[in-house]
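Undergrad: Sequence:
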Amino acid sequence: MCQKGRAWIELSRENLAHNVRELQRILPKHTAMMPAIKANAYGHGAALVGKALQDMGISDFCVATVQEGIELRLAGITGQILILGYTHPSQFDELAHYNLVQTVIDYPYAQVLNDYGKALPVHVGIDTGMRRLGERSDAIEKIRAIWSFPHLKITGVYSHLCVSDGTTAEERAFTQLQIKRFRSVVDVLHKSGIYGFKTHIQSSYGILNDYEPSFDYARTGIALYGVLSRPNDRVRAAADLRPVLSLKARVECVKTLSPGEAAGYGRAFTAASERTIAVVSIGYADGIPRNGSQTRYALLHGQKVPIVGRICMDQLFIDVTGVPNVAPGDEAVLIGRSGMQQISASDLAEQSGTISNEILSRLGSRLERIEIRA
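Sequential numbering from 438 applies to the sequence shown in this note's numbering.
Simulated from the structure, these hints should not be mistaken for laboratory data. Among the hints, erroneous ones may be present.
[Said to hold, decoys possible] Listed below are the simulated EDC-like cross-link pairs for lysine to aspartate or glutamate, each with C-alpha atoms no more than 16 Å apart in a straight line:
no., residue 1, residue 2
1, K466, D647
2, K628, E578
3, K579, D530
4, K692, E578
5, K441, D767
6, K741, E768
7, K488, E451
8, K466, E649
9, K555, D530
10, K635, D624
Using the sequences plus the hints, can you model the full thing?
TA: Right, dumping it as structure tokens:
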């Protein structure tokens, strides 16, 4: 049941479907989407998003952890689920039981997976320059040797681009170098008689910045949710992406401050003149950053109103002076639209000194996720 209680998230199924179509339009026809629905689908709700995408015909997904993969299985996701991160050997039984595909993060880890003694589907990670996970692309003998492990069912090979969001000539050149290194590994494997695996390297910015390597999957992340990491990001592809998520909370009460009166922890906001403030039922425990710029806003009754004072664990203050008829139970918008006004996740991120990926993925479990189909 949809409660819309103290604070909640609304998810637009229409906008999600639109973004899927836009990204599929940009991708080569033979490249399938493998949506990244890790971190609770970037805060949107992995089960809701996964089922909606499955209804749209998408059958391949990637997450960060075994627990995230299990959540999708229990929600009814039947297709391939790739674990992008490390899985401890104590959880290998869960990989097998829930038919999850594990990333081989390097050659020693391939040995550990093989020593489990049961067949496990895996994708082999290739480090082409990020220096995070994957066997180094120049360690070709180690990479080839991974195919000698009898208990590993290798169904994919992939890498990750680390500056595909960059626009400088140096950043674009390094991205092209990463693609070249990855393609070289794939070519060597094919020349060695090793086939039967899918390939992928692009994520959102690799798609939107017109990198067109001819691989099997594209791991669509932040773009799938209709936002970019920063409000001033510019991409080369003409993509009409629409935000999927809105974040709303109730006004709890309305108070009048006399000149000189202060509100909140540390008495951080002092009224220079008579002010009307509203207490809103959302705080840093729900994912609203406590740190950041003093210039932050919410929307109420179609107007932009400043957030004042310190963000509390469960509440925040907004200055609603001049906004008529504010009452307990009114909806305040932290991300989304109210009338003609809009605040995006990347706007909130910029005000907080971070990126929209972090803002969204930190939205807490106390927030009910509600799918809006209209």
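Undergrad: Against each hint, give a clear statement of whether it holds in the structure.
TA: Hint check results:
1. A distance of roughly 15 Å separates the Cα atoms of K466 and D647; the hinted pair therefore holds under the 16 Å criterion.
2. Distance restraint check for K628 and E578: the Cα-Cα separation of roughly 13 Å lies within the 16 Å cut-off, and the hinted pair is therefore satisfied.
3. A C-alpha spacing of about 26 Å is found between K579 and D530, which places the hinted pair above 16 Å, so the restraint is violated.
4. Between K692 and E578 the CA atoms are separated by roughly 70 Å; this puts the pair beyond 16 Å, and the hint is violated.
5. For the proposed pair K441 and D767, the alpha carbon gap of about 11 Å is at most 16 Å, so the pair holds.
6. Note on K741 and E768: the hinted pairing holds, with a Cα-Cα distance of about 13 Å set against a maximum of 16 Å.
7. Among the hinted pairs, K488 with E451 is consistent with the structure: their alpha-carbon atoms are about 14 Å apart, no more than 16 Å.
8. A hinted pair counts as satisfied when its Cα atoms are at most 16 Å apart, and K466 with E649 qualifies at roughly 11 Å.
9. With a C-alpha separation of about 9 Å, the suggested pair K555 and D530 falls inside the 16 Å cut-off, and the hint holds.
10. Of the supplied pair hints, the one linking K635 and D624 holds, its CA atoms being roughly 13 Å apart against a limit of 16 Å.
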